[in-house]
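So the sequence shown is numbered by the UniProt record's numbering: it starts at 1 and just counts up by one.
Treat the hints with care, since some could be wrong.
Below, computed lysine-lysine pairings styled on PhoX-like, alpha-carbon distance capped at 25 Å [unchecked claim]:
hint: 1; residue 1: K194; residue 2: K295
hint: 2; residue 1: K288; residue 2: K185
hint: 3; residue 1: K146; residue 2: K317
hint: 4; residue 1: K229; residue 2: K158
hint: 5; residue 1: K295; residue 2: K188
hint: 6; residue 1: K47; residue 2: K146
Label pairs and their computed distance ranges (CB to CB) [said to hold, decoys possible]:
hint: 7; residue 1: W131; residue 2: P15; range: 50 to 60 Å
hint: 8; residue 1: W125; residue 2: P160; range: 44 to 54 Å
hint: 9; residue 1: L309; residue 2: T109; range: 30 to 40 Å
hint: 10; residue 1: S12; residue 2: F264; range: 16 to 26 Å
hint: 11; residue 1: K185; residue 2: D279; range: 13 to 23 Å
hint: 12; residue 1: R324; residue 2: R135; range: 25 to 35 Å
hint: 13; residue 1: K295; residue 2: R324; range: 24 to 34 Å
hint: 14; residue 1: T109; residue 2: P27; range: 52 to 62 Å
hint: 15; residue 1: G316; residue 2: P52; range: 17 to 27 Å
These are computed hints drawn from the structure, not numbers from a lab.
C-beta atoms are modelled at their ideal positions from N, C-alpha and C, and glycine is treated no differently.
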Amino acid sequence: MFQEIKKNGKASWVPVSVRVEDHVVVPDLDYSNIENPDQFIEDYTSKLANTPMDMSRPLWELHLLNIKTSNAESLAIGKFHHSLGDGMSLISLLLASSRKTSDPDALPTTAATRKHASSNKKSWWLVGRFWFMIRIIFTTVVELFKYLLTLCFMRDTKTPLMGKTGDAIRSRKVIHRIVSFDDVKLVKNNMDMKVNDVLLGMTQAGLSRYLSRKYDEDMVVEKKKNLEKIRLRGTVFVNLRADTKLEDLANMMAKGSKCRWGNFVGVIIFPLWVRSEDDPLEYVRRAKSTMDIKKLSIESLICYGLIKLTRKILGGKVVETLVRRLFDHTTLTFSNVMGPDEDISFFDHPMSYVAASALGGPQVSIANHVILVYQLFFVEITKNCGEIK
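Could you put together the complete structure from these sequences and hints?
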């Protein structure tokens, strides 16, 4: 199916016949003359990112490249339009199409949400629950007020990271880097926090050092900025689906499924700690502190409901204006999707890693695990044995 824009400006899904040849691309390349495969892949994905999609047919492509890189023997690069679904839908589809390498007939497993043990002090249960509800209401009201200020006039400080307002067609560069997950878990376990806390702390530390070095290199005194005065925020996409088991996600297309396909995400605004800290772990502590506050807020669910209501009453153009204004007034985009617990294969090809990026809007996109899409979704699936057949 693809989206057709009618005369009244409304989009509707139109069923069409899919020709696989139009969507699966195997480029004719002279691999023997490629001196730096990693740089070639970076350039290839960047060129793909800057090529508009053909809106007259289903909005997805799959590029197969039998080229050996530092991390894989061959690659499959997927390009999907955001209208097909959010990151949870698309990654769930990928995982549902994968199997365990140890058991080719079994779906991958993901970490289950751990339930906190209930307290035996039942006499204090009602008091604790009441205080918890008060904290949720207060935090949500405060965060929604900040949300409203951002939509109205509050913008991030202009930095080298910030794009220009309305700049959605500038040249894009898609880059990915692999970090040791064992190192991340080491910090996580020793500081008693979540993986996301560590990754956001790492991001804050990296951005602080980058901006500090950038302004130190600038010899114009008027343009030098005090890091403490910089307002730097990111929009964080939150999955709003109640059912997150892979078996449920794999059956999203089934009739009567409780798990929703498509776009079912909320957006929260995450303030970033940009400072010159001597202790690098301070960035992680600050990230955890902010994350704990955000976890109490239900702003993402309320904002999703308000956007849905606005679309029904005022139409999609108004919603598009509000969303663009939100992204224009912030600097970065964050999101992630939980991956499998064990090695998996994709149609009998063992997978080495999955890297993803997002395009659209003036923001810089940063992924913790897998970044959620705003307009376009690029997922690079790599294989660690043999050629893609």
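A quick look at each hint next to the structure:
1. At roughly 12 Å between alpha-carbon atoms, K194 and K295 fall within 25 Å of each other, so this suggested pair holds.
2. Using a Cα cut-off of 25 Å, the hinted pair K288 and K185 holds, with the two alpha carbons roughly 15 Å apart.
3. As the CA atoms of K146 and K317 are separated by approximately 23 Å, the hinted pair is consistent with the 25 Å bound.
4. Annotation: proposed proximity of K229 to K158 holds, straight-line Cα distance about 11 Å (limit 25 Å).
5. A hinted pair counts as satisfied when its Cα atoms are at most 25 Å apart, and K295 with K188 qualifies at roughly 18 Å.
6. Annotation: proposed proximity of K47 to K146 is violated, straight-line Cα distance about 37 Å (limit 25 Å).
7. As the Cβ distance of W131 to P15 is approximately 53 Å, the hint placing it in 50 to 60 Å holds.
8. The given range of 44 to 54 Å is respected by W125 and P160, whose C-beta atoms sit roughly 51 Å from each other.
9. A hinted range of 30 to 40 Å for the beta carbons of L309 and T109 is consistent with their spacing of about 37 Å.
10. A hinted range of 16 to 26 Å for the beta carbons of S12 and F264 is consistent with their spacing of about 20 Å.
11. With their beta carbons about 20 Å apart, K185 and D279 fall inside the hinted range of 13 to 23 Å.
12. The hinted range of 25 to 35 Å is satisfied by R324 and R135, whose Cβ atoms lie roughly 32 Å apart.
13. Checked against the given bound of 24 to 34 Å, the beta carbons of K295 and R324, roughly 27 Å apart, stay inside it.
14. Separated by about 35 Å at the C-beta atoms, T109 and P27 break the suggested range of 52 to 62 Å.
15. Between G316 and P52 the beta carbon distance is about 20 Å. The supplied range of 17 to 27 Å therefore holds.
Hints 6 and 14 from the list above are not met by this structure, while the remaining hints are.
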